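Protein chains: 2
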Amino acid sequence: MKAEILSIGTELLLGQIVDTNAQWLAGELSGHGIDLYFISQVGDNRGRLVETLQRAWNRSELIICSGGLGPTDDDLTREAIGDLLEEKMIVQEPIANALREYFSLRNIIMPEKNIKQAALIPSAEFLDNPIGTAPGWWVSKDGHIIVAMPGVPHEMKQMWENQVVPRLKPLFPPGVILSRTLKILGKGESAVEEMVKDLITSNNPTMATYAKPDGVHLRITAKSADETTARDLIFEMEIKARTILGTLIYGDDDETIEGVVGTMLTDRNLTLGIMEVGTGGMVAALLSEAPNSINFLRGGLVSQQRSMLAGWGVDSNMLEKYGIMSREVAEVMATAARRQTGAEAGLAICVSPGHGEFEGKPAGQIIMAVDLDGHLESSELNYRTKPSEVKRLAAVFSLNLLRRALLK
Amino acid sequence: MKAEILSIGTELLLGQIVDTNAQWLAGELSGHGIDLYFISQVGDNRGRLVETLQRAWNRSELIICSGGLGPTDDDLTREAIGDLLEEKMIVQEPIANALREYFSLRNIIMPEKNIKQAALIPSAEFLDNPIGTAPGWWVSKDGHIIVAMPGVPHEMKQMWENQVVPRLKPLFPPGVILSRTLKILGKGESAVEEMVKDLITSNNPTMATYAKPDGVHLRITAKSADETTARDLIFEMEIKARTILGTLIYGDDDETIEGVVGTMLTDRNLTLGIMEVGTGGMVAALLSEAPNSINFLRGGLVSQQRSMLAGWGVDSNMLEKYGIMSREVAEVMATAARRQTGAEAGLAICVSPGHGEFEGKPAGQIIMAVDLDGHLESSELNYRTKPSEVKRLAAVFSLNLLRRALLK
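One line per chain: the protein sequences are A and B, in this order.
What the first sequence shows, in UniProt numbering, is residues 1 to 408, in sequence order.
What the second sequence shows, in UniProt numbering, is residues 1 to 408, in sequence order.
Okay, chain A solo, but in the shape it has when bound (with noise of 0.2 Å):
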């Protein structure tokens, strides 16, 4: 069964909003292992909703619409709907009545403009909305599936969850869709996929890779007619994948790097002291997000000013001598940082964000350098992009060189 989605509402094409109930509902239906080929926003333009409602009655099976229910004469989805299946409204009284009642409630009359929302085509049947004013439409003809369902997103969901989930469950495929996601540090993208090339050919379990603000997602995903079939399938492409790419990968699913550098912290009982220039923080802040980081995150300490270096033991001469960014200083920063607050674990980050140059070092550079009881690791690289990306980038990167200096 195809399916498209069309979220209805003149709103979405100026702008106005985001639409956040397409993205729901496309995650709900790769869930239950129904295609979507085409997702629409189309405007409160009848003419324009009948074409699109025509189109995706021609090339999908299940069309799910959301918004344009309400009472005004802007609210046309059902119109649409009546226009292209030719079928009139009729009200239906019960209905009309609940609605009357649902007003008299709130001691409102209601606006005669709202009894359209007690209307019906043939083909159509209410789907009950509790916590709305606005019922739903469960169209079926002709093989096709249409659902109208109100655009507030929580009346929406709360439709779709206990009204159109139980329809449609006998039109689902059998059988279900898991996928697992590995994170990976350390390449790009198309290195990543140049890597792991031979695996991405696979039909089931299928491989994508996706570039994240945390490093290069590679998702695993498999169908099958029950779940430890599907369990299977990742787990033997997980093994191949992880063979290819080693350590590169840090974490899977929900793990993040922040967390995954405090569990490794935390389980070897060690504490973590950071300096940071040019990152404002970063690299603290995102470290903050990690659980238990009030246990193992002795403090940071934040400067983009020489004297202030100094003063917290970054070796005056060291800093005349080879400039904030370079990797002499940042190693000696990693030390600094570490005696400072007292920790195991010293990280130093020396970053030039702005859009000149900073230290002698063009925008973009980023140098980062781990001390970790003594043993110093460090590592410089350029990124061309906005000043918040690269402390973005930086602080990621730094918390990686973090943790390939713990795995050794």
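No lab work stands behind these hints, which were simulated from the structure alone.
From a predicted model like this one, the values you see are computed outputs, not experimental measurements.
Just so you know, nobody snuck in bad clues.
In silico SDA-like pairs for lysine to any residue, Cα to Cα no more than 25 Å straight-line: (1) A:K240 with B:D73; (2) A:K223 with B:L14; (3) A:K386 with B:D253; (4) B:K223 with B:M1; (5) A:K197 with B:N107; (6) A:K116 with A:T133; (7) A:K361 with B:F103.
Over the 12 Å line for every Cβ pair with chain A, so calculated as not near, a few chain B residues: (8) N97; (9) G323; (10) D373.
We treat Cβ as the ideally placed atom computed from N, Cα and C, and that holds for glycine.
Position chain B relative to chain A; hints supplied.
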């Protein structure tokens, strides 16, 4: 001119990401008075991509695409446009070399598949992308324009503003729509709306409130035949709004709370030291986004551990007596932050961000204090929301506390 937006990427159809690009572009188009009738999301499938482009071509003169410009095999926007116009892609050597350079700068050999990012069809020209590897395409043929931009939001936005808008300008309809945003901290959205309710009824200019991460935004939008009239309309309305809201307004349009505070400090020749508990350095991170932060931001100290705080000059007896999460200690911390960094101003923030209690205060507790040359100000509040949100709010509110202290 009729426009249409296509957002390209299978992750949109799987519900893995929400399509914020379409919303942002829709807002841009309506701001420039261009009619947008359709938005579609389509997956990384060459056939369906061409089908969708063909339909857009048939009904719209301007087709704006984002996504599918990456280097990998499932990035097919260029190929699909080539199919639609029956034109072959040809690699452009100068761009190919620039691309190789970009990689060698980062000491990486460019994966050969990236070369397609340097290819064009005859009807296309490149849209420069200084902050990413994928240049965009500007395609002009038979009275139609196709714009292809990267899916990465900040790359897309910069390309739109610097490359696309200038090329589209001649096509914009006469008459202008101008808008101006006033940014407010210190009152919630409904309170602000209540204060300006008499102004919100106006039709031209219109006025609307939006709850945003950096406070309440009050947007004034005016339509007019000429820019001067539109500006005047906005100006009159802005005066009225400012009369009502006064110093609750911290900035306008592109101004940020960190930028405003940074400018105030710079103008007054003041430097700042920050001490943060429970935010992981969020305040320093935010403030470091301000221009010149390198000059006025002396340093930031981040920890959740009493022993560290004591080491930074926070009186241990006070910590003993009141605990970290108290206005008494926050004020001592503000002074310690000032002294430790040798700054004129000290800002302290103590947050209980976790899910449980911290130092006897419930999750969501935010205590902040400012020491301005010895004058102390502090405040305390509680927000019931997720930890990352609490930290963000704390950072914004503490900068507003500093702003208000600087106003005196």
